[in-house]
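Trainee: Sequence:
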Amino acid sequence: MLKRFWPLWAISLLAKMFLSSVIPMTNDETYYWVWSQHPQLSYFDHPPMVAWLLWLGHSFEFLGNAVRWPAVILGHLTIAVWYFIWRRYVSEDGHKFSWWLLLALFTPLFGFGSLLVTPDLPVLFFWSLSAYFFLGLTQNKKWSSYLLLGVSLGLGFCSKYHIVLFVLFAAVYLAKEKMWAVIFNRKTFATIATGLLFSSPVLVWNFQNQFESFLFQAHHGLGDSQYEFFWTWSYVLAQFLILSPPLVLAALRCRLPAKIRVLAYLSWGPLAFFLLTSLRGSVEVNWPIVAYPSFFLLSTLGSQVKKSIQITCIFWVIVFSVLVSQTITPWIPFAPEKINELSEFEPLLAAQTKYQPFYASSYQMASWLYYTTKTPIKKFPGISRVDFFDRLDSELPETYPIYIAIKEYTSMPEWLTQENYKITTVEKLNRGLIIVRIDKP
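In the numbering used here, the protein residues as written are 67 to 507.
Everything labelled a hint here was simulated from the structure, so no lab data went into it.
For every residue, glycine included, the Cβ atom is placed at its ideal position computed from N, Cα and C.
The reader is advised that the hints may include incorrect statements.
Said to hold, decoys possible - Cross-link-like lysine-lysine pairs, in silico, DSSO-like; alpha carbons within 27 Å at most: (1) 444 to 494; (2) 440 to 494; (3) 244 to 325; (4) 372 to 207; (5) 420 to 473; (6) 373 to 444; (7) 440 to 488; (8) 325 to 162; (9) 440 to 420; (10) 208 to 253; (11) 506 to 69; (12) 207 to 244; (13) 372 to 506; (14) 473 to 440; (15) 506 to 473; (16) 420 to 325.
Stated by the list, open to error - Label-pair restraints from in silico Cβ distances: (17) 106 to 285: 20 to 26 Å; (18) 419 to 258: 49 to 55 Å; (19) 85 to 295: 34 to 40 Å; (20) 377 to 318: 16 to 22 Å; (21) 397 to 486: 46 to 52 Å; (22) 419 to 274: 23 to 29 Å; (23) 285 to 128: 37 to 43 Å; (24) 237 to 439: 34 to 40 Å; (25) 153 to 441: 48 to 54 Å; (26) 124 to 250: 45 to 51 Å; (27) 73 to 463: 56 to 62 Å; (28) 407 to 70: 36 to 42 Å; (29) 390 to 250: 47 to 53 Å.
Take the sequences, apply the hints, and build the full model.
Mentor: Right, dumping it as structure tokens:
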């Protein structure tokens, strides 16, 4: 398998590029695309890498949704990084690597999820690259390994803040193994210097904006004061489903040699960290994704799991095929709303030209319409949480009447009723969408 890796890698990349160009864009992807129309050092919701990658893809927009290609290619390079980790530091056993490769290609978030452009794609790549250079510096202590570790960590910080967990669990590993010489030498300053340099876009933006992004993300993950048991059990259940119970047991049985044991820390560490944060707030299913590559390595090395891996991959291939077919040509009559998200705003395509001036009621709605029509759409100020659209234009309309597209459950800003603005429903559309007219009192 190790000898046949590159042809398989290239074929799977071509398949990903084709699929990513025909699968409709998700609402979040169109939101990041809006960012890419306004390149910045960083953004309120996330670091900038996802927008930078979509900006690179603008030249491919005439090929369906091929704007995804730069990010998809970078995400697929993650698999190549783990090929080098496996070959250089883990084992020459190509048979076991083939099972890892199946999991990397056919599991939902690490595999099929790499068709969608999210901050997970670049952070997975730079996390994996950091693991490669970290393994190098613990074994050869070369200047280049220290320097490049800092570069990959800095760029990882420009991708998603979760990269800081790499530093945390790598430090725990070094302390547990008493590898003090790796830390306490002048080369460590090279890692710190390059890390700060390559993360400087995010640091500078946050300094200029009162650290809004840092505070938003901290509150997003840890801001709830009233604990709900649902947060914890839903997190555990979701991870068991994605990772598969037999593979979890195999990973628990795996005992890595000390020289590569950091991979166990990089696997169990993030999973445990987000289990703890589930005591303070809801954890999104993809947050511990950085743990998955090394987790799958532990699983394939832990015991004979050939049949479990085959069943896991077949199951997720079937699920993925159903989801893709449903998004391209809906055929499941009672599909969950989340599955039909990719087309939920289609009824607004005609409405946004019929009713002017037109406002969206959420960043998802405004982004999807902007991407689909290539015409900028405003979000009505104060109607939903603060987001990038509020930074683009937070001014209230000067002329009335105006028209706002809302969902059935959308709450209008209180100040409209307090100041006696007249709110009238003018048209009800499919998918629970409504056009309302706002007139001055």
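Trainee: Now, for every hint given, state plainly whether the structure supports it.
Mentor: Cross-check of the supplied hints:
1. 444 to 494: holds (20 Å)
2. 440 to 494: The hint holds at about 25 Å.
3. 244 to 325: The given pair, whose Cα atoms are some 12 Å apart, holds under the 27 Å limit.
4. 372 to 207: violated (36 Å)
5. 420 to 473: Roughly 18 Å separates the two Cα atoms, so the pair holds.
6. 373 to 444: violated (52 Å)
7. 440 to 488: violated (31 Å)
8. 325 to 162: At roughly 19 Å apart (the allowed maximum being 27 Å), residue 162 and residue 325 satisfy the hint.
9. 440 to 420: Holds. Residue 440 to residue 420 sits at ~17 Å (cutoff 27 Å).
10. 208 to 253: With Cα atoms ~8 Å apart, residue 208 and residue 253 stay inside 27 Å; holds.
11. 506 to 69: Between residue 506 and residue 69 the Cα gap is close to 71 Å, so the pair fails against 27 Å, i.e. violated.
12. 207 to 244: holds (15 Å)
13. 372 to 506: Violated. Residue 372 to residue 506 sits at ~67 Å, over the 27 Å cutoff.
14. 473 to 440: Roughly 22 Å between the alpha carbons, so the hint for residue 473 and residue 440 holds.
15. 506 to 473: Status holds; Cα separation ~22 Å.
16. 420 to 325: violated (65 Å)
17. 106 to 285: 20 to 26 Å: Holds, at about 21 Å.
18. 419 to 258: 49 to 55 Å: holds (54 Å)
19. 85 to 295: 34 to 40 Å: Since residue 85 and residue 295 have Cβ atoms about 38 Å apart, the given range 34 to 40 Å holds.
20. 377 to 318: 16 to 22 Å: holds (19 Å)
21. 397 to 486: 46 to 52 Å: With a Cβ separation near 47 Å, residue 397 and residue 486 satisfy 46 to 52 Å, so the hint holds.
22. 419 to 274: 23 to 29 Å: violated (38 Å)
23. 285 to 128: 37 to 43 Å: At roughly 40 Å between Cβ atoms, residue 128 and residue 285 fall inside 37 to 43 Å, so the hint holds.
24. 237 to 439: 34 to 40 Å: violated (49 Å)
25. 153 to 441: 48 to 54 Å: Between residue 153 and residue 441, where Cβ atoms are some 49 Å apart, the hint holds.
26. 124 to 250: 45 to 51 Å: Holds: the Cβ-Cβ distance is about 46 Å, inside 45 to 51 Å.
27. 73 to 463: 56 to 62 Å: Given a distance of about 58 Å, which is inside 56 to 62 Å, the answer is holds.
28. 407 to 70: 36 to 42 Å: holds (38 Å)
29. 390 to 250: 47 to 53 Å: holds (52 Å)
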